[in-house]
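> Now for the letters of each chain:
4 protein chains.
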Amino acid sequence: MKNLNIGMIGYGFMGRAHTNGYKRVNDFFKLDYRPVLKAACGRDAVKVKEFADNWGYESIETDWKKLIERKDIDCVDVCTPNNMHREICLAAAKAGKMILCEKPLAMSAEEGVEMCEAVEKAGVANMVWYNYRRVPAVTFAKQLIDEGRLGKIFHVRSKFLQDWTISADLPQGGAALWRLDVAAAGSGVTGDLLAHCIDTCIWLNGLIKDVSAVTETFVKERKHTLTGKIEKVGIDDACIFNCHFDNGSLGNFESTRYARGHKAQYTFEVNGENASLSWDLHDLHRLNYFDYKDEGPLRGWKSIHISDSDHPYLKHWWVPGLNLGYEHTFVHQVADFIEGLQSGKPASPTFRDALETQRICDAVLKSAKTKQWENVGR
Amino acid sequence: MKNLNIGMIGYGFMGRAHTNGYKRVNDFFKLDYRPVLKAACGRDAVKVKEFADNWGYESIETDWKKLIERKDIDCVDVCTPNNMHREICLAAAKAGKMILCEKPLAMSAEEGVEMCEAVEKAGVANMVWYNYRRVPAVTFAKQLIDEGRLGKIFHVRSKFLQDWTISADLPQGGAALWRLDVAAAGSGVTGDLLAHCIDTCIWLNGLIKDVSAVTETFVKERKHTLTGKIEKVGIDDACIFNCHFDNGSLGNFESTRYARGHKAQYTFEVNGENASLSWDLHDLHRLNYFDYKDEGPLRGWKSIHISDSDHPYLKHWWVPGLNLGYEHTFVHQVADFIEGLQSGKPASPTFRDALETQRICDAVLKSAKTKQWENVGR
Amino acid sequence: MKNLNIGMIGYGFMGRAHTNGYKRVNDFFKLDYRPVLKAACGRDAVKVKEFADNWGYESIETDWKKLIERKDIDCVDVCTPNNMHREICLAAAKAGKMILCEKPLAMSAEEGVEMCEAVEKAGVANMVWYNYRRVPAVTFAKQLIDEGRLGKIFHVRSKFLQDWTISADLPQGGAALWRLDVAAAGSGVTGDLLAHCIDTCIWLNGLIKDVSAVTETFVKERKHTLTGKIEKVGIDDACIFNCHFDNGSLGNFESTRYARGHKAQYTFEVNGENASLSWDLHDLHRLNYFDYKDEGPLRGWKSIHISDSDHPYLKHWWVPGLNLGYEHTFVHQVADFIEGLQSGKPASPTFRDALETQRICDAVLKSAKTKQWENVGR
Amino acid sequence: MKNLNIGMIGYGFMGRAHTNGYKRVNDFFKLDYRPVLKAACGRDAVKVKEFADNWGYESIETDWKKLIERKDIDCVDVCTPNNMHREICLAAAKAGKMILCEKPLAMSAEEGVEMCEAVEKAGVANMVWYNYRRVPAVTFAKQLIDEGRLGKIFHVRSKFLQDWTISADLPQGGAALWRLDVAAAGSGVTGDLLAHCIDTCIWLNGLIKDVSAVTETFVKERKHTLTGKIEKVGIDDACIFNCHFDNGSLGNFESTRYARGHKAQYTFEVNGENASLSWDLHDLHRLNYFDYKDEGPLRGWKSIHISDSDHPYLKHWWVPGLNLGYEHTFVHQVADFIEGLQSGKPASPTFRDALETQRICDAVLKSAKTKQWENVGR
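Residue numbers (this note's numbering), protein chains in the order written: chain A, -11 to 366; chain B, -11 to 366; chain C, -11 to 366; chain D, -11 to 366.
Don't read these hints as lab results, they were simulated from the structure.
Here the structure is a predicted model, which is why all the values come from computation and not from measurement.
Quick reminder that beta carbons are idealized off the backbone N, C-alpha and C, glycines included.
Take the hints with a grain of salt, since some may be wrong.
Here chain B is said to cover these stretches of chain D; the calculated rule only asks that three of the stretch's residues, wherever they fall, bring their Cβ under 8 Å from a Cβ of chain B [claimed, not checked]:
(1) 140 to 149
(2) 240 to 248
(3) 259 to 273
(4) 278 to 289
(5) 353 to 362
Here are the simulated DSSO-like cross-link-like pairs (lysine-lysine), alpha carbons at most 30 Å apart as the crow flies [stated by the list, open to error]:
(6) D:K208 - B:K359
(7) A:K281 - C:K140
(8) A:K35 - D:K11
(9) C:K140 - A:K217
Produce the entire structure from the sequences given, and follow the hints as far as they go.
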């Protein structure tokens, strides 16, 4: 068993989720590598120390450049706000580190291209944390589509609905609320939530050709945590877009943080000639499936409880009927990343794979401004 | 088209439901007979007149004996409280009338035997209004079981849960609340609600051999509407029983009027070797079906929307996706009764069929008293 | 009780549904008028006779102009394909008849304006059969919104998904399939299905300002039933549009006949500041409701079984827990139409109300062509 | 931070689940103790070594008596088949070790009494792994009931349905299938599955007074893995029982391994005067709640997604909308056990608490034999 020394930059929600993935993977998966929590990095020494102690990181850094220079780090995990991804990844690639970067890859496709070229030039293993591909029900959906069970695809629809920013009293910016600050996040729901929908759906159904979008910012001004002043809100609170996939199917995507009653209602549905399937993050352990080949009067939507050993990833866990949860997606992603190292066939999404989502997000945001259909640049 | 002249005794909730069945059947089913609303009968002339005018009955009677003597009546519909069923049915049979009797057939199996013998001796068509057999999803369940799709049956469970008598201030007895008065109703939930569960389940799974029951009366005394006095409550508020079916499967039945949140939560589930199915009156247009023969990872419970033309009764109605409701069960039962007249093969449940439910109810109530397992007498 | 003499033009699915509404309304609603099935009209004398006999129409006509001239007709019901609505309605208005017209009102807003002016000039009662407003759960949603329970509305989304035209072997045109023939139908899913979504949503949430749409015709050519030749398909198989409502909320609408597994999956959801609600035609007796004012840890989506006497229309029917179905919407609409006659306050949607949906459909179809946002003309 | 040295006896499914609980608890809960995986014990040295290496146990033992004697073990975890619980626990208590024993506590109440007396005499911390109390939704149900929100309780029903032993070809006995061997397991579904239902329901609703049960063994003979011979099956394949709780409410319990379509369908429902709640292991992150105090027309069953920081245990995990799974129940139980050590107020269920479930199981099995109601001995 070889060690895979992890250097974690950032210690927020994603820092915890990834770290949990590293710590648990070897208990459940037989692998040649064991992630070692070598160092955690953050600007606030007290807070990063607390994080490191809690999770068992061996050391801390307060300057990410130092972390990247360390000889004992194999793999840099980038969990900073989006506006830091590019700089860190470019430096990490240059230093010859493997990189696992939180999604979205970048602030723009332009940045993304630069980052792809950097990791490819450096020849370092790289991956973006689009974790929802590794929900077993989602992976199973991918298998069913790849086996051709749905036949020709006509429709894809995906939504990511939340309700946590409805109050106009919520400020923007700072450590806790950087997702509301356009300078740190780049965009609102488009990069934060729709990016997940897009990543999953292009994985399931292939690339998107063109888009027509509308965005809205319901609360126009919010106090900024850092300046203490009321400032214009630069992010999109909601975004809806329609699109054509390369295979001729129609897509309909929507995301908002103003859908009262939905915490993280991430859903998708795919309608094919022969079968359809749908999924909902709030019940992530189920896949809904309709098969037209069933006998006529017995046709119906099946709710498949994804907990059997012949479902993706499940043989590594418990027994039929017992649910996995959200955090398992990160364990799975670490396992797949390591298997990619072992096999030489990199786990997806690589930076290059994730660049496609970036391009679509760019086209979506552009279309929302031009009020025109926009082609996805490639 | 021949006329089938109906004489309706009683004009409450069931009087309305049956009448609606008679009035609508020919619009949707091609039949040789047309029910004609000849006369409605009730002791209160004003009220029965109002009922007759509303629904279009040609005449009224205030004495059921007169109704039965009328030459222009072919068919007597008995919608009175349970304690009147026997006397009216015996007289109607003697008068050579066809009889459609509201469930439960009688106050006891003993009464039921007498009533069966009377209609059989008289050779008159007869039926009991166990209407839920004619919910299309329930009829479809019967078809699936009869086709052997479930294989050997291991378990049947059925419940009928309500919550309308929880308040201790609710009185008992009188026109509106005779179901709470043991003198009029014979029993509480056993005859009123469990009788439906039993009728459906023995239709689906064959006869019951023995039972072990417990009943409870949560509110021990209620004001009686007729006497104005606080009187002991003689009915069962709740009844649970376990049983063996003749085929070796186990049954578990429960009914109560003290299950907060349930209006008419009538459900059943049947578990067989190869498949299982379940149904719920609150979503009566759906049948849930699990088939073990499905491919392993694709196994799941299917929710079948029973609205296609190849589902029972549905070709007579609208188009796929559009729901039928409660009242259609009575239309179906009238249609089947008439088709029974046409074919000479009587529609079930006849009095004789319904007697079996009576016997089981008797055994259930007896077991609740003796605290022993009781065989179903035959 | 006054008679309201009905002349029905057309005898297909909608002819049956409306007729059933007329026949049943007085059994359940206390009204001053009784619809009388005076005459049914269709070009095929044999078929219209069969229809008239089945439902009890007193007479038939094979020329709709004759029907309109008849003195004994008070009210003309227009159940023809869409391309006949205008001419019949103009003539009927001129003849001073009340008019109940099947939806969509017209082939275009231009036609619709002409029709509105005609009925208003003639001063005749008029209504369009957007029946889904009268699903009790939908009417209840309207009440909750009008009471201000949702607060400021942010999002409306509505879909109508079907799957019955996926086979390329299905022909277009003729009596059964005129909905696939652009000459008879005017458009595909936009006028047939989205019109329902639009009517309901503007009733719930006010007018729509502008739209951006995409349409698709997946099967480009189909055999035409009338010509026997393979012809280009002129209708839209699928249509998705985004929009702004006048109140600043965002709308997302989608309809298709290529969504495998959905028979008539008509749904809507409305997200407000304080509460959200959603509904689904496949379970039309339920309204889903989320109220942010509930205590924090007890917040959740409630599934309200709309069957109590304090729910809209329900006091006229059965008892709590027992479902209504699709056809009741037409009974309700007839009742409301008659109550409008009684009160002098016309039931909605009048032709004028329904014109708004026509305008939106026009803008949607235009946007799909121009690939631009289009304002809804008024 | 103090170490809590764990000695694990057994290394099957439960050995893994408990171990995972020990390893993860300090990442998520702030505690004064840290469980240390000191030793794993099993008779098969190769297999126990593999287990120990996988999970990181520092050492192994092949004789549980040696493990118990070790000075460096603070806490013995008993994950053996049921027939070993008594002997090991008595010895461990005598050796002054804390004991965490897998459920059911014992083969009989008689054994259980002996075990309670042993741990109480020794004064050692003790707990039984009825893990489902620590599903957040279940803990939340307990809170709601304890706050009096349901009012007087009328009904409790609980089921645990599985389908994995339907095939008659499945053998009994041995490491994998000891649950089918009466000598090792003591009983079938009663001790394995109903014990969970009973533990949860008496926690929620208080003690049970008397029971009436029926059991069934559908497959009468199975090949025994150890002897290779066809032997009589001594366990119960299915068990249904009715009961009275001390507070006057009625209970209905059922468990089987012959309910096709159910993997681990563990459910309960509690009906109170003012409110009702229900839960299902297959969707363990949801609690269904009906509150009669809601406004009349808005009453309905709410599906509460238990993932907010004000839900039990949730503040230790992720963010709203993201699900926990099965294994978290064990993490919670370890956390609560340790908090019990810290506070001096032992976490439940202690051996003494779990003895009550044993007594009820005994009464259930006795009633199934005597076919009488049996009081729960105390």
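> State the violated hints by number, sorted upward, taking the hints as numbered earlier in the document.
The structure breaks only hint 7.
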